[in-house]
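Chain by chain, the residues:
There are 4 protein chains.
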Amino acid sequence: MKRIGFLTSGGDCQSLNATMRGVAKTLYQANPDVEIYGILEGYKGLIYGNRRKMEPKDFSGILTEGGTIIGTSRQPFKKMGEPDENGLDKVKAMLDNYKKWKLDCLVILGGNGTHKTANLLSEKGCNVVTLPKTIDNDIWGTDITFGFQSAVNIATNAIDCIHTTAASHGRVFIVEVMGHKVGWLTLHAGIAGGADIILLPEIPYDINSVVKALEKRSAQGKRFSILAVAEGAISKEDAALSKKELKAKRKKMAYPSISYEIGAQIQEKTGQEVRITVPGHMQRGGEPCPYDRVLSTRLGAAAAQLIIKEKYGYMVGMVNGETVPVPLSEVAGKLKMVDPKASIIQEIKEMGICFGD
Amino acid sequence: MKRIGFLTSGGDCQSLNATMRGVAKTLYQANPDVEIYGILEGYKGLIYGNRRKMEPKDFSGILTEGGTIIGTSRQPFKKMGEPDENGLDKVKAMLDNYKKWKLDCLVILGGNGTHKTANLLSEKGCNVVTLPKTIDNDIWGTDITFGFQSAVNIATNAIDCIHTTAASHGRVFIVEVMGHKVGWLTLHAGIAGGADIILLPEIPYDINSVVKALEKRSAQGKRFSILAVAEGAISKEDAALSKKELKAKRKKMAYPSISYEIGAQIQEKTGQEVRITVPGHMQRGGEPCPYDRVLSTRLGAAAAQLIIKEKYGYMVGMVNGETVPVPLSEVAGKLKMVDPKASIIQEIKEMGICFGD
Amino acid sequence: MKRIGFLTSGGDCQSLNATMRGVAKTLYQANPDVEIYGILEGYKGLIYGNRRKMEPKDFSGILTEGGTIIGTSRQPFKKMGEPDENGLDKVKAMLDNYKKWKLDCLVILGGNGTHKTANLLSEKGCNVVTLPKTIDNDIWGTDITFGFQSAVNIATNAIDCIHTTAASHGRVFIVEVMGHKVGWLTLHAGIAGGADIILLPEIPYDINSVVKALEKRSAQGKRFSILAVAEGAISKEDAALSKKELKAKRKKMAYPSISYEIGAQIQEKTGQEVRITVPGHMQRGGEPCPYDRVLSTRLGAAAAQLIIKEKYGYMVGMVNGETVPVPLSEVAGKLKMVDPKASIIQEIKEMGICFGD
Amino acid sequence: MKRIGFLTSGGDCQSLNATMRGVAKTLYQANPDVEIYGILEGYKGLIYGNRRKMEPKDFSGILTEGGTIIGTSRQPFKKMGEPDENGLDKVKAMLDNYKKWKLDCLVILGGNGTHKTANLLSEKGCNVVTLPKTIDNDIWGTDITFGFQSAVNIATNAIDCIHTTAASHGRVFIVEVMGHKVGWLTLHAGIAGGADIILLPEIPYDINSVVKALEKRSAQGKRFSILAVAEGAISKEDAALSKKELKAKRKKMAYPSISYEIGAQIQEKTGQEVRITVPGHMQRGGEPCPYDRVLSTRLGAAAAQLIIKEKYGYMVGMVNGETVPVPLSEVAGKLKMVDPKASIIQEIKEMGICFGD
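Chain order of the listed sequences is H, S, P and F. Every letter in the first sequence is one number past the one before it in UniProt numbering, and letter 7, counting from 1, is 7. Every letter in the second sequence is one number past the one before it in UniProt numbering, and letter 148, counting from 1, is 148. Every letter in the third sequence is one number past the one before it in UniProt numbering, and letter 269, counting from 1, is 269. Every letter in the fourth sequence is one number past the one before it in UniProt numbering, and letter 213, counting from 1, is 213.
Don't read these hints as lab results, they were simulated from the structure. Please note that a few of the clues may not be correct.
The list treats identical chains as one, so a pair stands whether inside a single copy or across any two.
[Unchecked claim] Mimicking BS3-like on lysine-lysine, the simulated pairs with C-alpha atoms at most 25 Å apart in a straight line are:
#1 Lys336 - Lys99
#2 Lys309 - Lys349
#3 Lys100 - Lys247
#4 Lys247 - Lys92
#5 Lys236 - Lys222
#6 Lys251 - Lys99
#7 Lys349 - Lys311
#8 Lys57 - Lys222
#9 Lys349 - Lys57
These numbers come from a predicted model, not from an experiment.
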């Protein structure tokens with residue numbers, strides 16, 4: 001253990017710095033002579049050779065800081081292994097820099113896309129340890145990802161804010177929560193915010209069920225309703241389409257996002273006034289919450305232990321309250337989705353929350 | 001002082017309940033036999049005769065509650081004095097209910113539109129005391145309105161959240177802040193959030209100045225920039241148009257709001273990636289902040305004193321730290337705008353913040 | 001399922017109302033005719049016959065409200081089964097009211113003391129379902145209790161606030177965190193707040209180890225240090241005493257709490273200025289955080305399912321992410337403590353955090 | 001304008017960095033060659049010659065950071081002009097360093113004590129501009145000081161947290177708020193937190209009035225009461241003592257602070273259970289709130305303008321919403337206290353809040 005490269009890739013989120021601090025503090029504690037390099041702006045830095053020598057003090061005071069002190073960028077590959085716009089072989093470039101810099105290990109923090117590339121690098125001979133970063137909580141092999149709980153807090157706060165307005169004006173409010181493919185964030189924020197209707201990508205909705213739920217509430221004398229809708233919510237109709245057909249249909253959609261379509265349908269079918277709020281990028285920003293800070297610190301410390309023991313090729317996950325190494329090959333390419341039959345869904349459904357199905 | 005009607009009108013905001021609590025507690029303290037009625041859902045309740053007898057305990061525990069416990073609705077008049085869709089004379093209906101209910105005074109909480117109607121009722125012989133409610137801070141006759149500081153906090157928090165993402169990804173971020181006609185909220189949130197560029201309705205912008213400011217930042221090695229843009233921000237070009245021309249132009253605009261247009265222009269002219277966040281209705285929701293609670297409590301208490309002294313026809317404002325009665329006739333129909341020559345603007349400009357002018 | 005009594009007992013905490021809402025909404029959903037009674041101020045209400053009929057609307061809007069809408073009071077027994085100060089047999093009184101009110105089930109929310117009495121009532125023939133409430137997270141049979149995460153947030157926020165002052169002044173700061181017997185809250189807040197030293201009841205400390213850790217930090221050029229100290233932190237010396245000896249020694253202690261003693265020792269041994277902050281009761285107050293709201297909603301919904309299935313004599317716990325019924329007899333009288341050998345402790349220790357051992 | 005020294009002195013508070021950022025950004029904007037030095041740890045740094053050259057990037061990203069990036073320490077003089085423990089003439093040492101470093105101006109951020117020394121330095125020939133820093137809001141010549149509103153938020157939050165517990169248990173709760181000599185913080189937090197009784201240093205209390213107010217609440221069926229008590233609250237009895245007598249009496253007091261004494265008296269006289277919470281140093285920590293960030297930015301920018309115009313010997317205050325220069329000689333040695341006859345007190349009193357008088 002001599003030279004370690006840190007790399008953060010994909011959309012930023014709240015607890016990246018806290019996680020890197022956990023890794024770094026443990027490494028320095030084990031060996032004060034360890035050299036840590038920040039590879040700048042994600043895989044770009046590894047491809048084009050941009051890095052920065054980090055010092056112990058760089059990791060002081062960052063436990064509570066959002067974002068990433070070493071920058072990030074999108075996944076480098078749309079198609080795995082493709083060259084860049086100038087024909088550069090990006091995979092080779094990464095392997096070359098890894099060797100040139102004499103790195104003993106790459107510590108890579110990222111989401112699903114990031115893990116595919118990390119697995120590739122591992123297969124090509126790099127020592128790699130990864131950490132599960134995403135507000136979407138959709139990484140296979142861990143019960144929970146860092147960033148998720150902080151994002152739940154922000155999305156819930158958005159619903160809380162909307163609540164008072166909805167109640168005062170007697171309206172239907174839609175809060176659109178991040179999550180194109182998976183609904184964890186919408187599910188948790190929806191429950192925490194007391195949403196009456198929760199629409200997830202994993203449970204296609206029937207607009208008539210949604211309308212019925214709204215009318216039931218009106219009949220009970222309730223003046224307002226709140227919907228938590230995932231960006232990737234999808235109607236049963238659309239779910240039946242092929243990928244191509246759906247893409248074509250969406251392209252023609254007159255609305256900036258699915259929430260607006262749902263809103264228009266509700267307004268038309270119920271006559272109730274509908275308002276839409278999109279907290280958007282706010283959900284991945286700001287301070288990590290205490291839950292994430294503890295999670296990140298533990299995951300980071302456990303990642304450092306793997307490095308110290310020279311156990312490479314793993315992501316560190318949190319399973320049943322314990323940090324565990326999960327082989328990268330098992331993580332890459334899988335998505336952890338909400339199971340419509342999970343007990344959490346059943347419990348909430350039996351409280352009267354509508355999932356539109 | 002026997003029978004007092006409370007009425008909240010217009011868009012809700014954070015400290016309406018705290019204000020009504022201030023009025024009610026002071027009235028009950030002065031005379032435990034006072035009868036307070038909540039007129040439901042704004043002027044609608046006064047027009048169509050919906051009210052609710054309030055009890056002292058209704059005003060307990062609401063100091064920290066957002067929204068309004070008596071509901072609200074839009075201003076009843078687009079054109080002052082017009083009848084409703086069934087031909088009902090709304091003004092007469094309000095005066096009739098005022099008499100029928102034997103009210104001694106109406107306490108009306110609302111913004112600019114609300115004050116026009118309040119003034120009309122006052123001129124027609126109703127005893128009226130009003131309170132300046134709006135997140136826009138644009139009511140004439142008071143230094144500050146309740147709701148404003150709470151909204152500043154939320155809009156600032158949105159910028160804070162965006163900050164970490166902007167810094168991590170090296171992007172231009174636009175946060176669109178509420179305010180169609182006035183820029184107080186954008187100005188304060190922009191300063192508090194450390195925005196690099198602030199665009200207000202009162203200071204028409206030149207997109208080239210904005211671009212120049214962004215390029216200057218890039219030249220200084222800064223990887224990201226943040227713009228706080230009011231909903232009602234307007235380019236110099238557009239500001240030169242007649243109302244009609246502008247309306248026509250806006251109708252054809254391909255973007256959901258001005259921020260998207262500005263974003264597209266920046267992206268085109270600088271090649272930098274731009275992201276837009278619209279906290280929207282969140283800005284008027286949630287708990288009132290301590291500043292607003294103190295302000296509301298004081299304004300409410302002072303309004304009660306006017307009622308006790310049977311001094312009607314006034315809005316209670318806060319001027320230089322003191323509660324003052326302002327004649328309704330002076331308030332109605334005026335707008336308190338940001339003066340482009342105000343010292344706050346000069347101070348900030350000389351720090352290097354760009355206003356696009 | 002006809003008549004259900006709700007009862008909250010022991011110190012209040014943040015998510016009691018959210019939990020009761022989960023139970024009530026599910027019960028009403030299953031059977032709109034169910035009668036729910038709030039038994040007032042904990043077991044007192046059951047002993048002395050005070051209750052209130054609840055309506056569905058009582059459970060609306062309380063998801064985010066701290067405290068308990070039906071009041072609470074201390075455990076009724078210091079010695080299980082003892083009579084009250086007037087000689088009243090409290091156990092009999094509770095059983096009598098249970099019968100008199102024709103209750104089908106008691107839903108009891110409380111901590112360890114509460115569970116002993118709940119188990120007693122169950123053994124005496126009452127139908128009982130319980131829910132694990134405590135900021136201490138020390139209830140056996142569940143991975144997590146509601147209230148805990150909200151309290152972690154507040155205690156962490158206290159450390160965050162202190163951080164800036166400690167850094168500005170270059171001082172040693174002690175934040176005393178709630179927890180007389182168990183250290184979960186201190187452990188999590190300490191990690192989340194970035195404390196340098198964490199002292200728990202389960203890991204007796206040697207003041208010399210603490211001092212050594214502080215001196216090591218000074219030697220590294222760090223100007224300040226932060227200690228998270230549990231109310232029940234105990235020195236190795238004191239841990240070796242008998243209960244009686246310890247009580248006698250503590251009685252003579254010149255300090256209001258252990259933190260002050262530790263502070264005085266540090267000041268004497270290192271010459272550094274020490275400040276102590278005690279957030280105290282704040283830790284159990286305020287809004288439940290989104291994590292707790294989801295947890296509470298799920299636990300409450302699962303408790304209702306047990307009642308619907310007439311499965312009595314259980315506490316609902318959360319184990320590995322699933323709600324599970326745990327026999328009351330297994331829960332009562334046990335304490336879930338921090339295991340000094342747990343991986344969380346090892347992970348943090350290897351980051352260089354000192355536990356004083 | 002060439003070489004400027006920044007110095008923060010006295011207890012830290014939330015918006016020191018934001019203020020320095022305002023000064024620095026404006027100075028750099030006016031003249032990119034200006035040299036700014038951070039004089040370390042308050043006047044100590046000026047006395048003993050410790051400073052650090054600052055760069056523009058040091059002032060980036062600190063708008064939201066609590067504490068002070070250049071450190072602080074207590075006022076250097078108990079008696080103005082006294083030498084240090086080694087006989088060093090501290091005044092001379094400061095003047096010598098000022099000359100040796102060829103400073104063109106000192107920018108000093110501090111409270112009342114700090115201003116006495118700043119005035120002394122100004123009288124001795126240094127160019128000085130100061131800024132009003134304190135959570136106490138007791139500096140003469142400005143309507144408001146930075147730090148105050150952030151501290152109000154924290155103290156109010158403490159009361160909010162306590163509220164739910166007080167309501168659940170039916171107890172009397174005392175929240176002790178910072179402020180030895182002045183009550184602004186207690187007054188504002190007390191109003192914002194909905195305290196029933198507010199005790200300030202400026203309005204000596206009669207414990208019997210306090211008890212009467214509590215009993216009145218009990219008689220009205222209210223189960224709990226909350227007192228906001230300033231650290232420096234004083235009974236009428238004690239207020240009548242000479243300084244010496246009071247000091248002697250306080251020394252013998254069995255309680256750690258006045259709140260505990262008041263609590264014991266209430267418990268004895270009413271039989272109600274009393275709990276006390278002391279948020280303490282938390283009140284000066286953490287992030288500055290948006291209000292303070294705007295205030296600090298404006299004050300800082302205005303201070304820079306004075307320097308640019310070589311207008312020395314002033315504190316920058318905020319008066320009726322405008323930044324104004326106030327001669328140091330007018331500021332030094334004065335205290336801005338709460339006037340018991342101020343309209344804010346009258347307004348609140350007539351709502352039924354008890355001030356104990």
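Right, here's what the structure says about each hint:
Taking the closest pair of Cα atoms, Lys336 and Lys99 never come within 25 Å of each other, the shortest separation being 34 Å inside a single copy and 49 Å across copies. Within a single copy, Lys309 and Lys349 get their C-alpha atoms only as close as 46 Å, which misses the 25 Å cut-off; across copies the closest is 17 Å, which meets it. When the C-alpha separation of Lys100 and Lys247 is checked against a cutoff of 25 Å, the pair qualifies neither within a copy, at 44 Å, nor between copies, at 61 Å. In this assembly of identical chains, the alpha carbons of Lys247 and Lys92 never lie at most 25 Å apart, being 34 Å within a copy and 56 Å across copies at closest.
Taking identical chains as interchangeable, the C-alpha atoms of Lys236 and Lys222 are never at most 25 Å apart, the minima being 27 Å within one chain and 47 Å between chains. In this homomeric assembly, Lys251 and Lys99 never come within 25 Å of each other (Cα to Cα): the closest approach is 45 Å inside a single copy and 58 Å across copies. Proximity of Lys349 to Lys311 under the C-alpha cut-off of 25 Å is restricted to the inter-copy arrangement: shortest distance 20 Å between copies versus 43 Å within a copy. For the homomeric pair Lys57 and Lys222, the shortest alpha-carbon distance between copies (10 Å) is at most 25 Å, but the shortest distance inside one copy (55 Å) is not.
With identical chains, the CA atoms of Lys349 and Lys57 are at most 25 Å apart between copies only, with a shortest distance of 19 Å across copies and 49 Å within one.
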